[in-house]
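Asker: Residues per chain, in single letters:
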Amino acid sequence: MEPMETSKVENVRLLDRFDPRHPVTGTLYLTATHLIFIDPDGKKETWILHQHIASVEKLQMTAFGSPLRVKCKTYMNVTFILPRERECQDIMVTLQKLSRPESLEDLYCFHYVSQGGYSQTDGWQLFSLEKEFFRMGIPNQFWDFSHLNKNYELCDTYANLLVVPASATTPMLMGSSRFRSRGRLPALSYLHRNGASICRCSQPLAGFSARCLEDEQLLRAILQTNPKSARMCIVDTRPKINAMANRAKGKGYENENYYTDVQFHFIGIENIHVMRNGLSKLMDACDSSCATVSSYLSALDKSDWLKHIKAILDTSVFIANKVEDEAANVVVHCSDGWDRTAQTCSIASLLLDPYFRTIHGFQALIEKEWLSFGHKFTDRCGFLDADAKETSPVFTQFIDCVWQLTQLYPMAFQFNERFLVELHDHVYSCQFGTFVGNCEKDRVDLMVSQRTYSLWAFMQSRIDDYLNHLFQPNSNHSPNVMRPDTSSQNLRLWVGLYLRFEDGLLPRESIADWISATKGRAQSLNDHTRLLEKRIADLRFLVLHRDDLKSSTCHSEGHDVDSGLSENEVGSDKQSQKYRSESGEPTARSSGDLPEDSLTSTAPRVSDTESGFEELCHPSSRASFGSVGVAGSTLRDLKRPSVDLSLDQIALELNSVAIDWKNPRDVTHCGCAAPFRYLNCKYNCWKCGEVYCGRCIDRHIALPGHYSGKSVPVCRPCYKTLKSSPSYIDLAAVAKQRGLHSPLCAAAAPHLAAKRTSCSRGTTSRLVMSVKIAW
Amino acid sequence: MDFADLIRVTQIGNVSLKRQFGEPVEGVICITGHHLIFSPFNQKKENELWLQHSFVDITDFRPGINSSKVYLKLKNFETLEFGIVSAEDAQNMLHSIEDLCNIGDITLRYPLFYRPPFQILEDGWEAFSLERELMQMTQLSDEWRLTRINEQFKVCPTYPTLLIVPMSIDDDVLLKAATFRQGNRFPVLSYLHPATRACLLRSAQPLCGQGGKRNRDDERLVNAVVSSGRKGYILDTRTPPVQKQHQTKGGGSEPKDHYAQWKYLQAFLERPSALHDALVSLVAAVNDTKDAKERWINRLESCQWLSRVQEALSAAALVAQCIDHESAPVLIHGQEGVDTTLLVSSLAQVLLSSDARKVNGFAALIEREWVQAGHPFRARHLKSAFARSEPGSEAPLFLLFLDCVWQMIRQFPCSFEFNEQLLILLFEHSYSSEFGTFLCDNEKERADYSIKSRTVSIWSYLLRPELLQELMNPIYEPNTNALWPSVAPQSMALWEGVFLRFQIDQSPKQAMWKEIGLIREQDVKLRSKVNLLRRQLLELQKEAVENGLLTPGESC
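Quick mapping for you: the protein sequence lines, in order, are chains A and B. Read in order, the letters of the first sequence correspond to residues 1 to 775 in the numbering used here. Read in order, the letters of the second sequence correspond to residues 1 to 556 in the numbering used here.
It is worth saying that the hints were derived from the structure and are not from the lab. Be a bit skeptical, because a hint or two may be false.
[As the list claims (entries may be wrong)] Subject to a maximum C-alpha distance of 16 Å in a straight line, what follows is the list of computed EDC-like cross-link-like pairs (lysine to aspartate or glutamate): (1) A/Lys-8 <-> A/Glu-85; (2) B/Lys-529 <-> A/Glu-533; (3) A/Lys-71 <-> A/Asp-425; (4) A/Lys-240 <-> A/Glu-254; (5) A/Lys-307 <-> B/Glu-219; (6) B/Lys-529 <-> A/Asp-660; (7) A/Lys-662 <-> B/Asp-523; (8) A/Lys-662 <-> B/Glu-477; (9) B/Lys-509 <-> B/Glu-496; (10) B/Lys-18 <-> B/Glu-81; (11) B/Lys-263 <-> B/Glu-219; (12) B/Lys-509 <-> A/Asp-485.
[Stated by the list, open to error] Computed footprint of chain A on chain B, listed as stretches where at least three residues anywhere in the stretch have a Cβ under 8 Å from a Cβ of chain A: (13) 304-316; (14) 410-424; (15) 469-480; (16) 499-508; (17) 528-536; (18) 540-550.
Built from N, CA and C at the ideal position, the CB exists for glycine as well.
With the hints as constraints, model all of the structure from the sequences given.
Answerer: And the structure:
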């Protein structure tokens with residue numbers, strides 16, 4: 001891409017689709033990467049990434065000028081009116097070119113440089129197919145890794161590592177691969193706890209009579225991996241008529257006469273072209289021209305979008321039930337096995353295994369089913385100037401299906417709506433190399449992991465924003481195997497995705513904002529409570545022992561305690577130092593009756609996603625931390641409290657923690673004038689309690705009023721005030737001086753900190769032992 | 001009449017009851033004068049089902065070889081399926097329930113026999129005396145006065161005895177003006193905006209007829225609320241064809257020439273009977289068999305219920321805008337002024353007044369704008385969605401009101417003190433209840449039957465702290481601003497909690513709210529603990545300072 005000069009057009013009107021009578025006038029900037037509209041007050045900034053533009057068209061001249069309509073893949077739909085037609089034409093042509101580069105090398109990810117928070121090497125190592133299959137217990141007696149595709153010679157759209165039946169021979173795999181469309185032979189997608197599995201492949205090149213012994217043997221081998229089940233189930237996700245049509249082209253489906261002990265099922269999910277039309281009709285329903293409820297509902301009905309969603313969910317439920325209830329092995333394919341097969345296999349896994357409902361697990365699922373098994377992101381998402389008939393909202397539908405499930409099970413997913421929307425947007429943005437290319441081979445050839453940033457690293461750096469605070473794994477509300485009611489009455493249009501730029505249409509107040517603010521404040525106040533209890537103990541001690549104290553002037557051991565970090569504290573904090581994650585936090589430290597544990601326990605744990613899902617299932621790993629706390633607190637109580645307390649110090653401590661936080665509901669604009677839009681994060685400053693946007697609350701500091709000395713988010717004014725306060729002791733600096741890991745370091749690289757935790761669990765339990773012995 | 005004559009069978013054994021969720025339950029049926037009681041075998045008394053006969057909308061019967069099925073379709077849209085071994089028992093039960101659920105005589109209705117098992121802390125009949133409500137409004141401005149012109153319902157049988165009118169209009173004018181409005185429902189104050197002092201009036205249609213008759217007293221009354229040089233708005237809730245039709249029958253709308261300071265607005269609300277049809281087809285679509293579910297959105301569209309919701313919300317938002325943005329007085333009327341008029345005036349108040357979004361204020365609003373203002377609950381709620389009575393006067397206006405409030409809660413989940421459960425409770429009680437609040441058509445009827453002395457008010461029951469706990473919104477924070485909900489079609493949603501709760505399991509949602517409630521509870525505890533500790537600390541600090549143990553600056 002040629003670097004280009006920013007061009008700018010003044011006096012541009014931005015039309016509001018649902019309120020066309022009140023346009024905003026401002027300036028339109030065209031940069032190398034974005035189209036930006038800014039109104040004179042700077043209150044409304046509209047940023048459009050070129051890569052997000054789906055279409056640009058010039059409409060008929062109006063009295064105000066020449067309208068330019070820009071439709072985005074993020075479902076933003078804006079019309080600018082430019083004063084001169086010439087400019088409009090120029091911008092249109094430029095945008096058309098910029099939004100559809102000719103080569104992958106021109107994509108945004110190869111130019112994008114991060115502003116910080118994560119580096120280019122981060123994230124690429126977070127997932128590996130091998131690790132994911134290890135988690136399922138592979139290799140085992142029945143399944144093994146195959147490196148036959150090491151150089152992508154067996155199948156160029158598969159990953160270089162496959163899991164196949166242990167009994168499968170090389171000739172079997174090669175033969176089967178030749179008999180399958182695009183060489184996509186049956187390979188393991190998911191192994192369930194009960195030994196049943198889901199395998200995926202493409203359609204066989206069966207035609208009307210062709211057969212392939214190796215393929216038949218391979219399917220037989222797959223059946224035999226599961227001694228519990230005598231029959232296997234093959235799911236063809238296409239409507240039967242489509243499969244028949246393919247048969248005439250020499251492809252089609254397995255002939256039941258040749259494959260023994262097989263149940264065959266057709267389930268009608270429509271093809272990519274029907275889906276593409278569905279989405280375009282759905283956009284009509286979302287348009288302002290649907291002025292009445294009737295016209296809106298009939299447009300929604302005509303799009304059949306929810307029917308498609310239902311078909312995908314139903315098929316996934318069908319597969320999951322086969323696996324769970326009948327312990328049957330299921331082989332899934334469609335035509336090429338990278339669209340419908342990817343959708344249904346991934347959602348079936350999501351239904352069967354709660355691990356995939358965590359953030360880390362969900363990302364692993366996408367890595368496996370979508371990236372490793374070769375969903376054609378470049379083609380389907382239209383990254384390049386290429387055949388429009390290849391585009392189709394296949395991944396969008398998958399995300400939509402997951403959202404429907406989060407609505408049916410509000411407490412079963414660790415991630416929230418924002419996570420799904422952002423994931424969707426970044427698949428299309430090409431800002432990260434993660435989703436670039438049509439298969440793993442493409443990404444290896446492009447060297448994306450060396451040349452671009454990983455989306456997972458970006459998401460890891462802001463993981464707090466993606467948490468569903470109601471997540472309760474292993475509870476009644478979060479069943480191990482989900483059996484969703486997918487009746488049409490239960491599915492709804494995802495207004496938060498398709499209409500999210502129409503602020504006026506969306507709920508004005510957010511339940512999630514309230515929960516997230518309340519949870520944050522609970523953390524802050526629990527920490528504060530511990531400090532208050534300690535100070536009360538200190539003062540009691542002072543008052544009780546005033547006569548002794550007056551005669552003594554030497555307080556050698558008081559210092560540590562006063563800093564809020566006793567030796568023991570610092571030690572254990574070192575183990576559990578993880579900003580943004582509470583899991584390792586010593587809990588039952590205070591003898592107070594408030595169940596701090598229960599307040600934080602519902603918060604999903606970041607570190608656990610790092611260290612593996614099993615951690616979530618074992619409260620025992622937390623119990624050990626608890627016992628550190630108890631032992632620690634007893635030790636601390638024995639210590640002589642500090643006497644170098646001052647009134648100023650106490651005042652500083654009390655003032656540094658806000659008890660009342662501003663209700664996010666009451667804030668529509670940040671102090672910097674930026675409006676909060678749907679799904680924009682609202683952050684409270686932990687010191688003053690005011691609400692800010694992400695850009696304005698970029699400081700972290702330890703509050704004197706907190707016992708733990710953890711760095712917490714504060715606004716810039718509070719940061720300044722604290723820093724300049726004479727009695728403020730920077731706990732992080734104190735800790736640093738002593739050569740300890742400071743909380744600030746942890747904040748800068750949360751995932752590193754989390755890793756540290758996960759590998760230091762062993763040491764922690766040893767620590768518990770030693771404390772007990774000492775006691 | 002004796003109930004015993006209607007009860008053909010008092011007890012049936014070996015009955016199975018199947019509801020939407022869960023397995024069929026075996027048990028025994030008892031039929032009493034007011035209830036059908038189903039006691040499951042081997043279960044605790046709490047699991048008994050006590051069903052008021054008046055809660056049954058319609059019955060259905062299907063004979064079978066092993067057991068006959070009796071279906072009771074309830075007014076809350078649930079269907080109970082009883083399997084009864086003896087066909088004779090089944091027939092007897094069917095006919096008994098049919099007769100009992102259709103008893104029209106108010107003196108035989110359950111509220112007149114009901115004795116509350118709880119202690120009444122605050123009598124709901126007194127809790128929202130109109131007098132006190134109106135006094136509060138009149139305190140805002142001295143331009144209004146209370147009138148007792150309707151003492152003993154002499155002027156208007158559907159109005160309460162106390163009304164509030166402009167100070168400058170005396171009772172003689174009112175008397176003459178009343179004759180110009182259908183049912184003598186002359187314009188009265190419904191709401192006064194505290195900030196803008198703009199008022200909301202409501203009335204029935206003027207009796208102008210096609211000749212365009214006028215009434216100077218009505219003009220004086222209406223014009224008394226617009227200051228000179230300002231404009232007011234008259235909102236007619238009817239569609240133009242309906243309005244024209246009413247005009248030919250002697251009604252119509254105010255002739256523009258004589259109400260020069262008023263602008264006309266039209267709200268296009270369908271007439272009550274059309275609303276009933278919408279509900280009937282909606283509930284039919286919801287309960288339809290499997291293949292119809294495939295065409296669900298199509299069915300949802302054709303039943304038009306959501307269109308009705310959108311129209312009502314739009315009309316209310318329009319009124320609220322006039323009052324809040326333009327500080328202009330608004331007069332609302334439709335035909336009789338007891339249906340759509342009350343719908344719009346009450347919804348506008350929910351938008352404008354933060355009090356109406358609190359439990360007490362909302363109860364007061366319903367009491368004042370629906371019960372006392374003369375919405376004919378008895379006539380409108382004789383039957384619900386499965387049946388229609390002989391006069392055919394049913395119309396779910398109150399349900400539409402509750403639905404609109406629910407839409408607002410959906411858009412502003414933090415701004416309402418109560419939750420969806422309160423709305424559902426009110427919906428069910430408005431159709432059949434042990435309480436007398438929704439029993440009659442108007443205050444006169446209530447006086448005639450001495451309802452207030454012979455029955456318990458629903459507010460006596462609802463406003464007890466132990467019940468209220470369940471009805472409170474855990475994420476409520478007072479919001480004094482007016483609410484401006486989106487009325488775009490894409491923003492309308494079907495109220496699952498009422499229309500789909502017997503199709504779709506609501507427990508995940510309830511569990512979610514329970515969890516949110518816990519978070520709130522812990523938050524409150526935690527905050528009070530911090531405050532307590534801070535106080536303790538400051539006291540200790542004081543003591544330490546007095547003893548010279550603490551100094552302001554650097555430590556010793």
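Asker: Of all the hints numbered above, which does this structure not satisfy? Sort the numbers upward.
Answerer: Hint 5 alone not satisfied by this model.
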